[in-house]
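There are 2 protein chains.
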Amino acid sequence: MTDRKRGIASVRMADLSVQTGVSLPTIKYYLREGLLSPGRPVGRNEAEYDAAHVRRLKLVRTLVEYGGLSIAVIRELIAHLDDPDVSGGDLLGVALLTVTAQDDPPPGPDRDAAERIVDDLLRRRGWKDLDQHPMRRTLIGLVTSLTELGREDMLEVFDDYSVAAERVAEADLRVVGDPADRERALEIVVLGDTVLTALRRLAQAHGAPRK
Amino acid sequence: MTDRKRGIASVRMADLSVQTGVSLPTIKYYLREGLLSPGRPVGRNEAEYDAAHVRRLKLVRTLVEYGGLSIAVIRELIAHLDDPDVSGGDLLGVALLTVTAQDDPPPGPDRDAAERIVDDLLRRRGWKDLDQHPMRRTLIGLVTSLTELGREDMLEVFDDYSVAAERVAEADLRVVGDPADRERALEIVVLGDTVLTALRRLAQAHGAPRK
Chain A
1 MTDRKRGIAS VRMADLSVQT GVSLPTIKYY LREGLLSPGR PVGRNEAEYD AAHVRRLKLV
61 RTLVEYGGLS IAVIRELIAH LDDPDVSGGD LLGVALLTVT AQDDPPPGPD RDAAERIVDD
121 LLRRRGWKDL DQHPMRRTLI GLVTSLTELG REDMLEVFDD YSVAAERVAE ADLRVVGDPA
181 DRERALEIVV LGDTVLTALR RLAQAHGAPR K
Chain B
212 MTDRKRGIAS VRMADLSVQT GVSLPTIKYY LREGLLSPGR PVGRNEAEYD AAHVRRLKLV
272 RTLVEYGGLS IAVIRELIAH LDDPDVSGGD LLGVALLTVT AQDDPPPGPD RDAAERIVDD
332 LLRRRGWKDL DQHPMRRTLI GLVTSLTELG REDMLEVFDD YSVAAERVAE ADLRVVGDPA
392 DRERALEIVV LGDTVLTALR RLAQAHGAPR K
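Keeping their order, the protein sequence lines are chains A and B. Counting with our numbering, you get residues 1 to 211 for the letters of the first sequence. Counting with our numbering, you get residues 212 to 422 for the letters of the second sequence.
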């Protein structure tokens, strides 16, 4: 069966399941949760799906399995992906949804000190115009918390971390290429977090003293 | 009031709340969920808490706010922290709980190719004896998924990522210091993920073309 408009084969839900390895109950769940758009109705209780559905279903499955994200967050990411008002460049911003951005920590000397520490770090790296970036606030909150836990000495890793983050971000932007391909940008930014965390754990295991 | 054995002040739940900024209902919730050990009973329906409770409560709050972790995962981390059979060095392993480790992807040419790609990467970096590491499996699964999504070209970032991960892991192991301090190791590994992700987003925002 061929969908003439798109020039690609249309399939029933059972075939969608075979082509993606996602079970029928899970496909139905994703449809209910709005992670997958409905198929084209053909007759009562039946619908046809096309190549775009196959691809989207693979993406959702990968985000569920490897993104470490809740269904609610994935639904929000997908909604932005399909929103014509979100530009490609905004996708980097959309991917912020996957990181906990907190309210400002309560004002006080600990927060003031944390703000100085974070802004000094950004200045040392020459990262500019990030005053309003939600991740600056997240870092300030984290530094405040570390101070409250008496772990100020852990801050000494931040410079190494930021050099590493810079190298990663350069590779990200190189491979994102045309930011108009929003799905691609989303995959790189979101799945990249998991790749980086997995590699960090492997590098730690390689470097840790063996027993 | 002084707890002679520990030589530190004991406080009631209301003071615990004041000292940590965590609300009473939230403290009760953490107690019910086993994230905070019960206080020492004094009279009916009352208990006293000590400095260890204050510290643990701050840690739980930080993990909830900035670790991006579910209560279930935090409960498991805390249980390992309090388990005398878990050695300090194992904490790096315990922190693996916070990363999605998946079952092996189904066998097939895509998985075989993914396995070769990951093992070649580990070999290029000289990271040894990691065949059984769960993060190797996670990476193989991720590479398989990227291949199914037609994103093989995204694999070109993996070398930059692994160099960056190495720099981060070296800083981690330096600052962990004595691995017998398990709480410290946990904080560095788990909160470090969030620090690194936040810095990656900032570096991307710095490097992305402005509109």
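Please keep in mind that the hints were generated in silico from the structure rather than gathered at the bench. Think of the CB as a built atom: it goes at the ideal place given N, C-alpha and C, for glycine as much as any other residue. Hints are supplied without guarantee of correctness; some may be wrong.
Sample of chain A residues lacking proximity to chain B, with all beta carbon distances greater than 10 Å (derived) [said to hold, decoys possible]: (1) Ala14; (2) Lys28; (3) Tyr29; (4) Gly34; (5) Arg40; (6) Asn45; (7) Ala47; (8) Glu48; (9) Asp50; (10) Ala52; (11) Arg55; (12) Asp83; (13) Leu96; (14) Ala113; (15) Asp160.
Pairwise CB distance ranges (calculated) [said to hold, decoys possible]: (16) A:Thr26 with B:Pro295: 37 to 43 Å; (17) A:Lys128 with B:Glu287: 39 to 45 Å; (18) B:Arg243 with A:Ala72: 20 to 26 Å.
Looking from chain B toward chain A, a few residues come up when the C-beta cut is under 8 Å (computed) [stated by the list, open to error]: (19) Ala324; (20) Ile328; (21) His417.
Each hint tested on the structure:
1. Ala14: Answer for alanine 14 of chain A: holds, closest chain B Cβ roughly 18 Å.
2. Lys28: The claim stands: lysine 28 of chain A keeps its Cβ more than 10 Å from every Cβ of chain B (closest is about 21 Å).
3. Tyr29: holds (18 Å)
4. Gly34: holds (21 Å)
5. Arg40: holds (23 Å)
6. Asn45: holds (29 Å)
7. Ala47: Given a closest Cβ separation of 23 Å, the condition holds.
8. Glu48: holds (22 Å)
9. Asp50: holds (16 Å)
10. Ala52: Consistent with the label, alanine 52 of chain A stays out of reach of chain B, its closest Cβ about 13 Å off (over 10 Å).
11. Arg55: Per Cβ check, arginine 55 of chain A is inside 10 Å of chain B; nearest 7 Å; violated.
12. Asp83: holds (17 Å)
13. Leu96: Violated, since 6 Å does not exceed 10 Å.
14. Ala113: Non-interface label on alanine 113 of chain A holds, nearest chain B Cβ at 17 Å vs cutoff 10 Å.
15. Asp160: violated (4 Å)
16. A:Thr26 with B:Pro295: 37 to 43 Å: holds (41 Å)
17. A:Lys128 with B:Glu287: 39 to 45 Å: holds (41 Å)
18. B:Arg243 with A:Ala72: 20 to 26 Å: holds (24 Å)
19. Ala324: Violated, about 17 Å.
20. Ile328: violated (12 Å)
21. His417: holds (4 Å)
When the structure is compared with the earlier hints, violations turn up for hints 11, 13, 15, 19 and 20 and for no others.
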